[in-house]
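The whole structure should be built from the sequences, with the hints applied where relevant.
Those letters in the sequence shown? Residues 3 to 298, by our numbering.
These are computed hints drawn from the structure, not numbers from a lab. Take the hints with a grain of salt, since some may be wrong.
[Unchecked claim] Cβ-Cβ distance ranges computed for the label pairs, FRET-style:
hint, residue 1, residue 2, range
1, 43, 258, 38 to 46 Å
2, 70, 113, 18 to 26 Å
3, 18, 224, 14 to 22 Å
For glycine and all other residues, C-beta sits at the position ideal for the given N, C-alpha and C.
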Amino acid sequence: MDSRLNAFLERAESVLARIEPLLPAPRPLIDWETCLAARWQRDGRSGYLLPLEVSLDMRLSDLIGVDRQLEQLGRNTQQFLDGMPANHALLWGSRGTGKSSLVRALLAEHAKAGLRLIEIERDHLADLPRVVEQIGKLPQRFVLFCDDLSFESGEGDYRVLKSVLDGSLEQAPDNVLLYATSNRRHLVPEKESDNENWKRVDGELHPSEAVEDKIALSDRFGLWLSFYPFTQEHFLNVVEHWIGQLAAKAGLSWQRDEELDILAVRWATGRGNRNGRCAYQFARYWVGLKLLEHKA
Numbered sequence: 003m004d005s006r007l008n009a010f011l012e013r014a015e016s017v018l019a020r021i022e023p024l025l026p027a028p029r030p031l032i033d034w035e036t037c038l039a040a041r042w043q044r045d046g047r048s049g050y051l052l053p054l055e056v057s058l059d060m061r062l063s064d065l066i067g068v069d070r071q072l073e074q075l076g077r078n079t080q081q082f083l084d085g086m087p088a089n090h091a092l093l094w095g096s097r098g099t100g101k102s103s104l105v106r107a108l109l110a111e112h113a114k115a116g117l118r119l120i121e122i123e124r125d126h127l128a129d130l131p132r133v134v135e136q137i138g139k140l141p142q143r144f145v146l147f148c149d150d151l152s153f154e155s156g157e158g159d160y161r162v163l164k165s166v167l168d169g170s171l172e173q174a175p176d177n178v179l180l181y182a183t184s185n186r187r188h189l190v191p192e193k194e195s196d197n198e199n200w201k202r203v204d205g206e207l208h209p210s211e212a213v214e215d216k217i218a219l220s221d222r223f224g225l226w227l228s229f230y231p232f233t234q235e236h237f238l239n240v241v242e243h244w245i246g247q248l249a250a251k252a253g254l255s256w257q258r259d260e261e262l263d264i265l266a267v268r269w270a271t272g273r274g275n276r277n278g279r280c281a282y283q284f285a286r287y288w289v290g291l292k293l294l295e296h297k298a
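Here is the structure:
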């Protein structure tokens, strides 16, 4: 009997060893007292929140030249934290101009006050009701963050998303807000043919149904914030700020001069970008170069 039992147990162990790699990994439990951010992970027909280790190095003071946008989104976020009415926000405009950085800087600013961030991809926005269900009764205040929310021509997903946003946002609990970034104000490409059927009625222009359909998606956001391409002066001021930050950490003495400005402008011209991301990358290049020179 013992030999048969041992044989059975050995066989069971062998079967479990082959099946175990196919089973889903245990889903981590999130302690929102210590966890500041998570990402919604799709898992088959369902999903779960994956805790993230986030850096709080980005500060509001690091965002140069976007004072108006910072003031408006900061005020909206403070209203949200204080339990007052607040709007879902769409941050749109040129790439690398600080849209995502502003959201993350607000997390660093208000994390101690209970603000938390949940990243959700555009393709997973249909899961919004499931996400809201998991966090709706928690004491923390959650910003659902969708980076680069836009659609290409011919994609019909935005029509489905409109209905999801309508239901999810209008019925969302008081501790949930949606912030999204996009390179487009209306999220969906507009074609010249969309404007062919505009009508004039009693001196007023009425857009075609195609245009109305595309604009309707961005109308789900009560707060629109525009981010524009950097001027050369703005770009150089951002370069100066980041060089100052990086040089201070490295103990490097430096001074802004005409030669530095020329190098920064050439860097931006060579990359075809004059924005905050490009300024930060140049600052890292320049500070690293000077440190190598000092080492030599």
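**Prompt:** Between residue 70 and residue 113, does the C-beta distance stay in 18 to 26 Å?
**Reply:** 24 Å, holds
**Asked** Cβ-Cβ distance between residue 43 and residue 258: within 38 to 46 Å?
**Response** 45 Å, holds
**Request:** Given the range 14 to 22 Å, decide if the beta-carbon distance of residue 18 to residue 224 lies inside it.
**Result:** Once the Cβ atoms are compared, 53 Å apart, the range 14 to 22 Å for residue 224 and residue 18 is violated.
The earlier numbered hint that this structure contradicts is number 3, and it is the only one.
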